[in-house]
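2 protein chains.
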Amino acid sequence: MTESELYQWLGEYGIQTPSYKVVGMTEDICVDFFPAVLKIQSPKVVHKSDVGGVILNLNSNEEIIKAREKMKKNIQEIHKIPLDDKDCFIITQMLNGEELYIGSAEDPVFGDVILFGKGGIYLELYKDICYIDSQAPEEEIERAFKTTKISKLFEGYRGSKHQMSEVIKLVKNVQKLLQTNPDIKELDINPLKLTQNGLIAVDARIRKDSSSTPSRSKPRQRPNFLDNQRIAIIGASTDKTKAGYVVAKNSIGFKGELFFINQKGGELFGKPLFKDISEIKGDIDTAVLAIPAKFVISTIKDLVKKNLKNLIVITAGFKESGHAEEEIEIGRLAREHNFNVLGPNCLGYFNNAQNLNLTFGTGNLKSGDLAFVSQSGAVLAALMDSANALNIGFSHIFSTGNAIDLESSDLITMLEKDPHCKNISLYLEGLSKGKELLENIRSCQKPIFLFKSGKSEEAAKAAFSHTGNLSGNYEMFAGLMKSLGVNIVDNIEALILKPLFRDSKEIAIVTNAGGPGTVLTDAIVSKGKKLYSLTPQNIEALNQVLPEHWSHNNPIDIIGDALADRYKASLDIIDTFQGVDFIYMLITPQDMTDPLGSVQILKQNPYKHKIIPILIGGDMVEEAKEFCRKNKILFFPSITEATSFL
Amino acid sequence: MTESELYQWLGEYGIQTPSYKVVGMTEDICVDFFPAVLKIQSPKVVHKSDVGGVILNLNSNEEIIKAREKMKKNIQEIHKIPLDDKDCFIITQMLNGEELYIGSAEDPVFGDVILFGKGGIYLELYKDICYIDSQAPEEEIERAFKTTKISKLFEGYRGSKHQMSEVIKLVKNVQKLLQTNPDIKELDINPLKLTQNGLIAVDARIRKDSSSTPSRSKPRQRPNFLDNQRIAIIGASTDKTKAGYVVAKNSIGFKGELFFINQKGGELFGKPLFKDISEIKGDIDTAVLAIPAKFVISTIKDLVKKNLKNLIVITAGFKESGHAEEEIEIGRLAREHNFNVLGPNCLGYFNNAQNLNLTFGTGNLKSGDLAFVSQSGAVLAALMDSANALNIGFSHIFSTGNAIDLESSDLITMLEKDPHCKNISLYLEGLSKGKELLENIRSCQKPIFLFKSGKSEEAAKAAFSHTGNLSGNYEMFAGLMKSLGVNIVDNIEALILKPLFRDSKEIAIVTNAGGPGTVLTDAIVSKGKKLYSLTPQNIEALNQVLPEHWSHNNPIDIIGDALADRYKASLDIIDTFQGVDFIYMLITPQDMTDPLGSVQILKQNPYKHKIIPILIGGDMVEEAKEFCRKNKILFFPSITEATSFL
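One line per chain: the protein sequences are V and B, in this order. Per our numbering, the first sequence starts with residue 1, numbered consecutively. Per our numbering, the second sequence starts with residue 1, numbered consecutively.
Heads up, a few of these hints could be off.
Note that the list lumps identical chains together, so a pair holds whenever it fits in one copy or between two copies.
[To be verified] Subject to a maximum C-alpha distance of 35 Å in a straight line, what follows is the list of computed DSBU-like cross-link-like pairs (lysine-lysine):
1) K461 to K568
2) K530 to K461
3) K433 to K446
4) K625 to K608
5) K264 to K305
It is worth saying that the hints were derived from the structure and are not from the lab.
Extracted from the complex, chain V is given alone in its bound form:
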């Protein structure tokens, strides 16, 4: 494409380019944009600059005409390239302004993704760019762009008159261009100049490839995974060391019909152990497999005769152990007979509303409104156990394991419709259906919390070795998720803690020490949360119960000699403050401190607000920690832990 063809083509999609005019060998020149650049446009000239085919900084039509003569002479006489009537010249306007960048790349996971941000040598140096899905609506484009620092130029920074709408319009135009030209694998508009007349594409390169993008399989009409009536646990075992024992034990509270199958026969938890699936009369809508891998395929073939809708394959020993074909066969059967598969190599499934625990994790699961989807069984097992200790409940738990059929994206769509789930937490390692994940998150109205492992190259390598999924470029992944409004957390515990505090904005601190109070304040502010500001009335109320030199400020420093009674008197008052979302109760062991007595208040006096003790120190606070553990009082042993989920 010549430069003029490129400009015309970009113009067709509404993308602004510099003023230009193509003129012939002797044609009269009369342009009105200066300073201008003159360039040769001829198929005979490949590297224009090498033959004097570019002249910059021309300030009048006369200068341009003189420059054309000089250029013709140069090319023909010095470089011996004969020009004829088919050759021409392009005059373009030279533009001043900030160098930005917009481009796109076809990502193996997410398909076409647009990159937008600071260009020039700073593109790589500052990496001040954002990632935007090629299908992203305006709201998402804006959210993505606002993660860049350069976006401030569109928000009045240093008197800048540029509007966010200019960016959105350009991105929409690039999206249109990509949709119209599916053969474009890479687009690189660079430089993109931010001028007084808006964003102008000065140059562009494209890489086309007619090999078609792998077509997405049409999402099938799945049976509803959340509706289970007749459940069979294949491999239910009397051997306590087997997963099949634990799943059977966890399952027995289920209100529907439950069948245990084990070829050895016998009885388990007062129920018969059927030797074969065929012994069960009627359909089996849901089956859990906890049997050796080699029996899985044949068992599935028996189950489809029972109108199987949902299959949970706990059994390991597939892709992760070098047996990928067997797992591909499970997927094939699932599509052929239209049943859902969770796993294989997974920890199972929990649905609180049905009192249905089909996991081999802890049987102590509390009722809650958080749905947790995890690609790692071990992370899930640990967080289920932690949640139990922290008194946090779940509405659903899904362990996706090798995710040969149901992926996080499918589960989000199911959970979106389930009224028992209010928040969704995802632990992701890798994924294959990226575009589907984006779409399903986009359609989901519920808050989503996400942790992705495999951020670093080293970790991606480790993740690959144990799940076999593509980990992908973390920057792009995180950028796309942020554009969708997903809450990305930076530690796994936050997946269960952050949903509890998602609407918390203003925090009160009651502390017996100024230093740690300051440290906690820094930690809170660094997470973008605020300290509640005490009103004169608040201060007056606290004056009644606190010694003269209390801080008169939040952190509410009740002084180093505070015993439990002073903590209690303060909390009684702070609990009445309007606008406080929750309260940190910071206890530092000093010679007068009573850590145990201070946390005991929380058992005896239930407050309106969540009150979270932070017990820093060692042996001097151990008894108090023990009390919190026993009484399921959420507490933290350090300021780092106490704020890591904010």
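Dock chain B against chain V, hints included.
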């Protein structure tokens, strides 16, 4: 200053400026730098651009001459400003290149500080700048500059030919300029262009102020605080709720002479309680005051008669309670009689080599090589207690409290000379003698670890309310500390943990689960540490004891069904690997896991390497945690905590 005077002045300090020539009203013009700019230089013209007094982009001497004529006509005829023979013009070279910035500001804490980095509109947007002390040697300048991204332009980024030495030379020249001109309060060289000929100052502004910089009090020849022979504890008390009781109790292991004083008389820990200082025969080189604030001044007056060298004022109730004058008087007495003061309002002092615990914190202090200096008594008390639980020892502890005399900077100099101290950790809230701190850290050969609270505005406000010290601009503070090679930590626990691991670079992970192993890997890499790479021999050795599908990679995933014996077999082998600095033992509770048995290995089998269990989960790992606590095995309950000190 006119532009030519400015250029000449900068040139005197070796700072490069653009080529320029000053020409008269009619003088012949013959310059050899193009493109050039012509500007009027006349005291009658204040705003040059407003009267057509600046013409850009001149490409020949003829063009410049024409431009001068046009400019003269414009100024005299249109703007009616008569010019005469005293007026002249300056021709300067127009420069292309990256816009950088160098400047200086006089900070109330640190004095003259140089700022250097990316300039133009990006100065504020990207804040890619570093802070350099006006006295910084080359090594410090380089270390500071390397914290910026723009520094890559001097390290061959994208073929750049620029050298780090250009930067160092410029900064040294700016330092010289500031030293020669102490009346400069602010310097602003902007833009500073990075051209093919190096760094060139295109424009500069200065703000002078003849008010002299507050002169620094000459550091006095202090008595040696670390040498205590005859110690008196004034306010030693039989009342167990009093600090005076705890200090006396903690002190009794001291090998030198120890006197307890309490006006009530009697006996304590088998020693007489003297009613008055005068009853003690001979000198008292060190005194601890744990008496009400109102008796402090008179007691000090009695003590100076005993040739007091060191005073530790535990007593609170001074500046922090609105009684600043009393504390100023203590400082005055200290200077008059040349004794050191630690405090007031402090937790005391510990010197392991003398078996001397003069704190009212825990009496359980272990022997170690870490000196800990804290401005917060509560943070110190908590970390002393944590250190005890984590089996970490100290060489010295100083609680500086209100720091009216001895500040962290003085203590660094003392500790530098003490052979028992190998690492120094500082918890700082604010400081006043900034330049002294920089100098003393610069002279200190020992690794320094530092946490500063009051990073955020909110926290600085809280810190002010409880210590009364200036918190200052955290960015500048952190920048200067980094330039000195100080290890800045981001959580208080790291002050005691990071020194233990300061030389650790390569880490091995043994885990029973891939997912958490990946999360731990990400956390390690994000802290700039590395995973040890297994050699073929290492893999072969592990093959002998591990099941077929172990990860064959570090993280060494020994598979979910690992019991204690498999952890032990793995650790026995990993412990022999050359190049591993320490080992994380990640234990995630799964159905087959034996957390307690797994950590018990660490008691029975002492390994060469530090092995740190990470026990994630809740009740399922509680017994194992309890075992670690009882047996003083350093462990962590989460990946966040386990890596927060790296």
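How the hints compare with the structure:
{"no.": "1", "hint": "K461 to K568", "in the structure": "between (51 Å within a copy, 25 Å between copies)"}
{"no.": "2", "hint": "K530 to K461", "in the structure": "between (39 Å within a copy, 14 Å between copies)"}
{"no.": "3", "hint": "K433 to K446", "in the structure": "within (21 Å within a copy, 53 Å between copies)"}
{"no.": "4", "hint": "K625 to K608", "in the structure": "both (22 Å within a copy, 32 Å between copies)"}
{"no.": "5", "hint": "K264 to K305", "in the structure": "within (22 Å within a copy, 94 Å between copies)"}
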